[in-house]
Amino acid sequence: MRISSVLLSPLYALQLASGAKSFADNPIIGSKWLNRKGLHEKRVSLAMRMAAWRRTKLETTVAPEYRRQYAENGFVKIENFLSAENFAAVTRELAERDFERYDMKQGATVTRRAIIDDTDLESLPGFKAARNDPRLTNLLRYVSSHAGQPLLVVQVVMALPSVIAKGSTDPQTALHSDTFQPTAKAWLFLRDVEEEDGPFAYVPGSHEMTPQRMAWERRISENADAIENVYSARGSLRIMPDELGALGYGQPVKMTVKANTLIVADTHGFHARSPSYKTTTRIEIYGSLRRNPFLPFTGLHLASLPFIASGMNRLIISAMGLRGKLGLKGSPWRPAGNGKADEWSKRLDQPPAQ
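Under my numbering, the first residue of the sequence shown carries the number 491, and numbering increases by one thereafter.
Fair warning: there could be bad hints in the mix.
Straight-line Cα separation of at most 30 Å, BS3-like style, residue types lysine-lysine; simulated pairs [to be verified]:
| no. | residue 1 | residue 2 |
| --- | --- | --- |
| 1 | Lys748 | Lys618 |
| 2 | Lys567 | Lys830 |
| 3 | Lys768 | Lys744 |
Derived by calculation from the structure, the hints in this document are not laboratory data.
Since the structure is predicted, the reported quantities are computational estimates derived from the model, not experimental observations.
Make the full structure from the sequences, and use the hints.
Listed below in C-alpha cells is the structure:
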C-alpha cells in the first residue's frame, strides 16, 4: 500500500459513512478482501433501507398517483406540467435573456448549464414560478428520500450525429447507474423530444435491487481492481442491454415526449442518453438532489442553509475551479461566456448544418 494511502486511511474510513462510491479512488471501498466479506453489498443494502424509511416521512407531500408511478417504474412522468401561461413565460425568458454559461464536452456532445441562482430570479418571473413549483420540489425530495433544496438550472444538450463522433464516445449514452444509493434527477423538457433527438432512456423497475442485481454488483466489487471502464471504477456502474434480463429487468424505455413534460427519475436505476443520429439541441429545466445515504433523518443538510442554498449553483462551480487550482481533480465544466442558453458551442467538432 502506498504511504499516501496509509496517511489518508482515516479519511477513507470516514467516507464509508458517506455517499462516496469510487472503487478506484478509495482503497477501502475498492478493497477486494473487504468486498468479498460483503462491504459493498452491505453499503448498498443499508442505503436502500434507509432511503425507503426516509421516503415514508415524505409521502404525504406527493400525490398517490406519482408515488405509484415511482414504485412501479422508478420514474414519474407528468405531461403539461406548467400552465400554458407559465410555460410561455419560461420559453420567452430563455429566448430573450443572456446567461452565464458553462459547458462540458463528452464525445460529440456538449452539455451546457445556464447558471441561475436566487439573485437572478426577480428578472425571470416565469422561471421563478417553475423552479418554486412545490410539485417539482416535492417529487425530487420524495424520489431522493431527502428534504433538501434541489439544484435547478437551465440545461442544454447539443449533440452532433453519433456517426461522426470520431471515436470519442459520449459516456452518457451507455446504460449506467449513477451511484449505489437512490438519487433524484428531473428534466422539464421545453421542446418536443423525438426518437432522433437523443431522448432520455430508463430501465423500468431498475431502481429496485433484485437478488440478481445485488449478486452482479457484488461480483463487480470483488474484482474492483480489474474494472476497465473508468466510470464503473468510480462507482457509476455500466451495463450492456443484453445483461438486463439476467438481473430481472426489461429493456430501456425512451422518453419521447412533448414540450412541457416533466420526468423525475431515480438514477440509481439504469438509464442513459440515447445516441443522436442527427444534429440536435435539447433544452430543459434540469434538477438534481443527492444527499448522504445513511442519514437517519430527511433534513438538516448544510446545503439547505439559506445563505448557501440561495447561491448554490455558483458555489459549486467555484469549488470545482478551486479544486483544479489546488492540483486536485478539477471540474469538467468550462466557462462559455455570457449568451443565449441554446447558442451552439464552438467546442463541438463542427457547427450544425444550416
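Verification of the hints:
Straight-line distance between C-alpha atoms of Lys748 and Lys618 comes to about 22 Å, which keeps the hinted pair within the 30 Å bound. For the proposed pair Lys567 and Lys830, the alpha carbon gap of about 28 Å is at most 30 Å, so the pair holds. Using a Cα cut-off of 30 Å, the hinted pair Lys768 and Lys744 holds, with the two alpha carbons roughly 17 Å apart.
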